[in-house]
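Given next are the chains, with one letter for each unit.
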Amino acid sequence: MSSIYRTLSGGTRRDIALACLAVWFIGLSYGAIAVASGFPLWVPAAQSVLVLAGASEFLFIGIVAAGGNPLAAAAAGLLVNARHLPYGLALPENLTGQGWRRRLLGSHVMNDESVVFALAQEDLPRKRAAYWACGLGVLLCWPAGAVLGALIGSVIADTGAFGLDAMFPAVILALIVPALRERQLRCAALIGAVIALATTPFLPPGLPELLALFAIAVNRKPA
Amino acid sequence: MKDPTLFAAGLITLSAGTFAFRLAGPVLRQRISFPPWAERLLETAAVILLAALVATTGLTEGHHLAGLARPAGVCVGGVLAWRKAPFLVVVLAAAATTAVLRLLGIP
Chain A
1 MSSIYRTLSG GTRRDIALAC LAVWFIGLSY GAIAVASGFP LWVPAAQSVL
51 VLAGASEFLF IGIVAAGGNP LAAAAAGLLV NARHLPYGLA LPENLTGQGW
101 RRRLLGSHVM NDESVVFALA QEDLPRKRAA YWACGLGVLL CWPAGAVLGA
151 LIGSVIADTG AFGLDAMFPA VILALIVPAL RERQLRCAAL IGAVIALATT
201 PFLPPGLPEL LALFAIAVNR KPA
Chain B
1 MKDPTLFAAG LITLSAGTFA FRLAGPVLRQ RISFPPWAER LLETAAVILL
51 AALVATTGLT EGHHLAGLAR PAGVCVGGVL AWRKAPFLVV VLAAAATTAV
101 LRLLGIP
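Protein chains in written order, with this note's numbering: chain A, 1 to 223; chain B, 1 to 107.
Next up, chain B with everything else stripped away, as it sits in the complex (with noise of 0.2 angstroms):
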């Protein structure tokens, strides 16, 4: 936040980007229609991103390893989830299983 006008034009750029990769997908859905295997392609690229981003969020913190309470947290959410528990179940419990081990001093 040091120089305001930067701050802003980060946020816009964000902000307009993001919608045009929102409004893209289908603008160009009703243009071109793509063939089976571009489709699972695509789909497995989304899948790859978010996994990759569950790994980043999850296990990372800056540019090392997090302590053991968060992916712990994620892990019971994971399992939970595999097991198909509720959705707020598996989200509570994550977090719920993160904060009594900080509260154990476990970082």
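With the rest of the complex left out, here is chain A (with noise of 0.2 angstroms):
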């Protein structure tokens, strides 16, 4: 752990010490909508430690909460979950250091958050150290989040009245800003997500957005 806080640039730290905090308050805002819904404590609490990937969990909490199947709720996480098999193939090779259990734990760690730290630095010694630093921080934040999140919602019944439902899509938006600087990938994104916004009053949830995969099309011609 020492030799990770020594790689890294006190501004990395900071910003990974930032997302991680991030990923904490989300963590309650899940943690508390799972109750709210219906759900016990140890149901944010396992999910939170064994998927780990907010947006499937908030996908599998809502399809269940109103009354789907919860094999067709993994269905629709795991098709959100998807996106891990890309990060992992343009994450370099040997990211996580040598040993199965590095390898096991270092592949479980892979979330959004990581991948984009990791990704910004320019060496592997240091992309190593953040996409760690970053991995282990959500280990521990999203859990603690949502654990507490789950205590609270249960005095707490609004958790909208704090506006904690805009904060996933804004934690997203802020991750993805840099690849939409580039022109041809911000035309791909709002096309993709025109093609989840129409979708999305006829589809079970999961599908709009592996339909926009279908903007890819439209990327490949020269822009």
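If you are wondering where the hints come from, they were derived from the structure by calculation, not from laboratory data.
Among the clues, some could well be false.
Computed footprint of chain A on chain B; a stretch qualifies when at least three of its residues, placed anywhere within it, have a C-beta under 8 angstroms from a C-beta of chain A [claimed, not checked]: (1) 16 to 23; (2) 32 to 43; (3) 68 to 79.
A short, non-exhaustive set of chain B residues, derived as facing chain A with CB atoms under 8 angstroms [stated by the list, open to error]: (4) Pro26; (5) Ala51; (6) Ala52; (7) Thr60; (8) Trp82; (9) Pro86; (10) Leu88; (11) Ala95; (12) Thr98; (13) Gly105.
What follows is a list of derived Cβ distance ranges for each label pair [to be verified]: (14) Gly62/B to Arg102/A: 36 to 44 angstroms; (15) Arg13/A to Thr5/B: 41 to 49 angstroms; (16) Val89/B to Gly68/A: 34 to 42 angstroms; (17) Pro201/A to Ala9/B: 27 to 35 angstroms; (18) Arg31/B to Leu124/A: 15 to 23 angstroms; (19) Trp37/B to Trp42/A: 43 to 51 angstroms.
Using N, Cα and C, we set each Cβ at its ideal position, and we do this for glycine too.
With the hints as a guide, dock the two chains, each given alone in a separate frame, to form the complex.
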């Protein structure tokens, strides 16, 4: 851990800490919403550790709370989490380090935040340090937030009053903004967003996001 | 939660499947090398997925459009992020905007 600390610049350490704090806040809203939807505390607690992917957990809870089949909810969550496959391909080889324990834990801490911070660093040692720092930070902050949120949520019913539902989309948006500065990617992302919005009224959750991938076809034409 | 066994099966499926997705990338990467156009395609796919996720979670509720408060909060966050505001400022401003609008009676 101390070598991770020394490898990263002060600014990167601060940004990672802020990202983890934001994850903690979203965890609060997640735990509170789960309890408000009628789930016992162990559900957000177990999911936050085992799944460790916010969007899919919100989706899973939302579909089951609406009376959906849990297996269908899991399928929808998996659709959303399919993006971790391209993430793993986009990361440099041997990012997590040697040994199967590091490989397994290193895969589990792969998330939107740890991938973005790793990709933003210049060399492999820094990429590795940023990835582990952010990944382990999220592994701590997400469940901690979820459990505290569940405890608070059983007291406060209306989490919407605090605007917590705006946090998740804002976090993801903030993370993809650097990519959106590139015109071609921005066009593809916009078309994908429009496809998802246009199909949301007619399709089960999770599918609109996958349909959005048709926007790739646009991106392949020269801009 | 009507059927605890089915619920547990769903939870385990989501956990195991997500881990499989996470593990597959690095494992595949060691065995196959992707041409640059394929890597570019994968990167684009990831950004499109995330953008679609922002649109659906930020603007819709169930099968309908959400009220005004959440989309407004997300927009404020987006503008701040574009202007390179710190991460936490972006996220807290989004939540605060939504909370204040709801306080004013806007859903």
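How the hints compare with the structure:
Chain A is given as covering the region 16 to 23 of chain B, and this holds because 6 residues of the stretch bring a CB closer than 8 angstroms to a CB of that chain, at least three being needed. Check result for the region 32 to 43 of chain B against chain A: holds, 5 residues qualifying (beta carbon to beta carbon below 8 angstroms, three or more required). Under the rule that three or more residues need a Cβ within less than 8 angstroms of chain A, the assignment of the region 68 to 79 of chain B holds, with 6 such residues. The restraint placing Pro26/B at the interface with chain A holds, with a minimum CB-CB distance near 5 angstroms, inside the 8 angstroms limit.
Using the Cβ-Cβ criterion of 8 angstroms, the hint placing Ala51/B at the interface with chain A is satisfied: the shortest such distance is roughly 4 angstroms. A least Cβ separation of about 4 angstroms between Ala52/B and chain A falls short of the 8 angstroms threshold, and the interface hint therefore holds. Restraint check, Thr60/B versus chain A: the minimum CB separation of about 5 angstroms is within 8 angstroms; hint holds. Given the 8 angstroms rule on beta carbons, the hint for Trp82/B holds: about 6 angstroms separates it from the nearest Cβ of chain A.
Annotation: interface hint on Pro86/B holds; nearest CB of chain A at approximately 6 angstroms, less than 8 angstroms. Annotation: interface hint on Leu88/B holds; nearest CB of chain A at approximately 4 angstroms, less than 8 angstroms. A hinted interface residue such as Ala95/B counts as satisfied when its beta carbon comes closer than 8 angstroms to some beta carbon of chain A; here the least separation is about 4 angstroms, so the hint holds. Proximity of Thr98/B to chain A holds as hinted, the smallest CB-CB distance being about 3 angstroms (cut-off 8 angstroms).
The beta carbon of Gly105/B comes no nearer than 12 angstroms to any beta carbon in chain A, farther than 8 angstroms, and the hint placing it at the interface is violated. Separated by about 41 angstroms at the C-beta atoms, Gly62/B and Arg102/A satisfy the suggested range of 36 to 44 angstroms. Separated by about 45 angstroms at the C-beta atoms, Arg13/A and Thr5/B satisfy the suggested range of 41 to 49 angstroms. Between Val89/B and Gly68/A the C-beta distance comes to about 36 angstroms, which sits within the given range of 34 to 42 angstroms.
The given range of 27 to 35 angstroms is respected by Pro201/A and Ala9/B, whose C-beta atoms sit roughly 29 angstroms from each other. Take Arg31/B and Leu124/A: their Cβ atoms lie about 20 angstroms apart, and the range 15 to 23 angstroms holds. Checked against the hint of 43 to 51 angstroms, the C-beta distance between Trp37/B and Trp42/A comes to roughly 46 angstroms, which is consistent with it.
When each numbered hint is compared with the structure, a violation occurs for hint 13 only.
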